[in-house]
Amino acid sequence: MIDKRIKTVAEAIADITDGSVVMIGGFGEAGSPSELIHALIDHGAKDLTVINNNTGNGEVGLAALIGNEQVSKMICSYPRSSHSKVFPTLYRAGKIALEIVPQGTLAERIRAGGAGIPAFYTATTVDTPLADGKEIRNIDGRDYVLEYGLKADFALIKCEKADRLGNLIYNKTARNFNPIMCTAANTTIVQARKIVAVGDLDPEIVVTPNVYVDRVVEVANPVIESQLVEEGVCYI
Amino acid sequence: MNTENSKVKGWTREQMAELAAMDIPDGSYVNLGIGIPELVAKFVPEDREFIYHTENGLLGMGPAPEPGQEDSELINAGKKAVTALPGASFFHHGDSFTMIRGGHIDVCVLGAMQISQEGDLANWSTGAPDAIPAVGGAMDLVAGVKTIFVISQHTTKNGVAKLVEKCSYPLTGKKVVTRVFSDLAIIDVTPEGFRVRRLAPGITFEEVCEKTDAPLLPIKAY
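Protein chains in written order, with our numbering: chain A, 1 to 236; chain B, 1001 to 1222.
Be a bit skeptical, because a hint or two may be false.
[Claimed, not checked] Pairs of lysine to any residue residues, derived as SDA-like cross-links and limited to a Cα-Cα distance of at most 25 angstroms, are as follows:
1. A/K172 with B/P1063
2. B/K1080 with A/C234
3. A/K161 with B/Q1069
4. A/K73 with B/P1133
5. A/K161 with B/G1087
6. B/K1080 with A/N221
7. A/K172 with B/G1062
8. A/K73 with B/G1087
9. A/K151 with A/A97
10. A/K172 with B/M1099
11. A/K134 with B/P1133
12. A/K172 with B/K1080
13. B/K1080 with B/P1133
14. B/K1146 with A/V126
15. A/K161 with B/G1060
[Said to hold, decoys possible] Beyond 10 angstroms from chain B on every Cβ pair, some chain A residues (computed):
16. S72
17. D153
18. C234
The set of hints was computed from the structure by calculation and includes no laboratory data. From the three backbone atoms N, C-alpha and C, an ideal C-beta is built for every residue, glycine too.
Same shape as in the complex, but just chain B (with noise of 0.2 angstroms):
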């Protein structure tokens, strides 16, 4: 990834998913959510393998078919078509959440409206008196999956932060974000909170800070 660019300012979606993917480790079962997160899959070193769950029953879930090819009973969570790898297997509801809540997928990239510094995350209502709840498969891999990566961008279109102290929208689980790859850093969510494990190019740590809702510790020298 070229970011030695002097004049280039954070990360772009397709970059965000790129760090996240260089984050999983080899022979990772790996489910991705929907929006920037489904962008991972482009992105995997070539010398190593991920499988991916799609919480819709299908394990070893590929790329999305050529043009004309799509199957409409062959589809990802997002309800957009996919294809099946070789290797892959599907199943029922039952199994496919026996996958996630028995402990059984390693990593779940997903989005994130808020997320506290506890590494609470909200991602599926606001809250709102009009808005209709919608959660779909959210709470069980939050619940149940054994590493939860979020993607995000930092803030909102209105400039509004997502990290914040305290989320005040209704919680999706508790506890559960481990890293937060956003357009301005790489954000850990440690005992202590927030700590910058990389910044973006051309962002500086106090930038950061500015658009996050909660103290933030500097880059740890390891």
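Bound conformation, chain A alone (with noise of 0.2 angstroms):
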């Protein structure tokens, strides 16, 4: 039988190791899976390369974990954010490396690499700096820049529901970067608020398909994470 259940999230996420490359779902705190991340800073691997498109609020979350300098680089399209100062130390103390993506370009890279394509064209970026050092090709009278695809070790999603086959569904905008990380991970750990019967989720609506996902921990009520922020808490 097929059951990709985990008990606890320190279990889902046991495997990580130092070195790994993770790609953390989420677009701001939506999405984000908070319980996860905190799990993998109680586990405490480092030197972890994270692809997310942000680095997190506060000093929870994402910005926790980079806070606890367990992330040597990060891969993003925007790094600032109004309620983190922990990046932009790190960062300007040499302490963490940056690769700045266009959001367009980092979602299409996560994309082409779960599909097996191993990079493409966009105009994205053409005539910028961030093209610089890239290969160009003119296509039909338009430059267009060479981007590659993106994979990675580990991918930690949050979803809504999700049955032990591993298929999921999400919730309004907290979708966002989740479905396309599943598909481009070696392993995919999902935390899912509930765990219903095989059968529950109607197969028109299942956004990802059980085959991208490898283990799924229910969390039945997470964190809000701008709450977490207002009330000054920090987990490190």
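Quick one: dock chain against chain with the hints and give me the complex.
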């Protein structure tokens, strides 16, 4: 029998090793797998390369993982945040590397990585400094930049409902990067607000088919990051 | 809009947003940048319907919810609470930028640090050594959306011109902006350079020229 359910977030992330490349779902706090990230902080794996659109808020979730100096490189589109000094401080101190990628190129690099497409051309960044050193190809009279697909060792994902096979549905704009990241990691680890019986998710509305998912752990009452930030919680 | 008061000089943020809204055709799919562009949604003419796209995965975005009704998992690209209107859809980032990059979005309204007379836009980094670059979705939007409007104060807080011959800041995109709505004028980017389309109340052509670091063509009689 296939059963991808794992009892605790600690067990779910236990085999993440130093130096792993980890995709973390979410756009700001929406869809951010905070409990899995906190488990990774407890676990302590270091020298991680993390792929996420942002760099976290306050001193919880991704910002806390970065603040705990477990991340040696961030690949993201928007590392600024009005609620976090963690990344800017470490970046200016030379303690963390940054690869800045336009949001759509970031999404497509992840999608391509998951789809077995090693590289693609896009008009995004043509004639800007972010295209420096990259191959340019003129196709039908327009210039395009070569960008490479992204893969990861692990993806940390948050969803609304899952079943034991790993079918997933999401909640509103908490979907964002999560479904594409599920496809691009060797091991996809999901925290679901609720695990339902197989057959309960209408096949017409399954967003992530179970083939992309390796582990599912139920987190019934996930924290709301902005509330923790407001309360001044520090998870380090 | 009442712009007839002789004491008034220039347009407010709301008026700039309203003027931009009036130049968006009925039925358009629209993406609004963070800041003043967000105000455009408040001024849609009554006889028009726009559908708003937000790049974090929502088509059919509605206004901010009533206080207390905010949902941390229903936000816009600026990470502010929004609503989903009847007919809305949610999708992942791959699909969201398929809409943008694939040319399916008609109009995008953005803010700017600098706009050149050829329509080059700089709005993501000053290029200063200690600046932390943060590009978000701006480069994808200017590469893929059919019409790019800019809403911006005509000068910086220190009075430095934002409309320039050539951008000194790193570019977001080359030859992408078609129209600028500033507090002083509406200005088109044409093959001949900047051309004033309309002056704000109490503002003279000469005054706009003074505050612009590029040649400016006068209003054309059509």
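Violating hint indices (sorted, rising): 8
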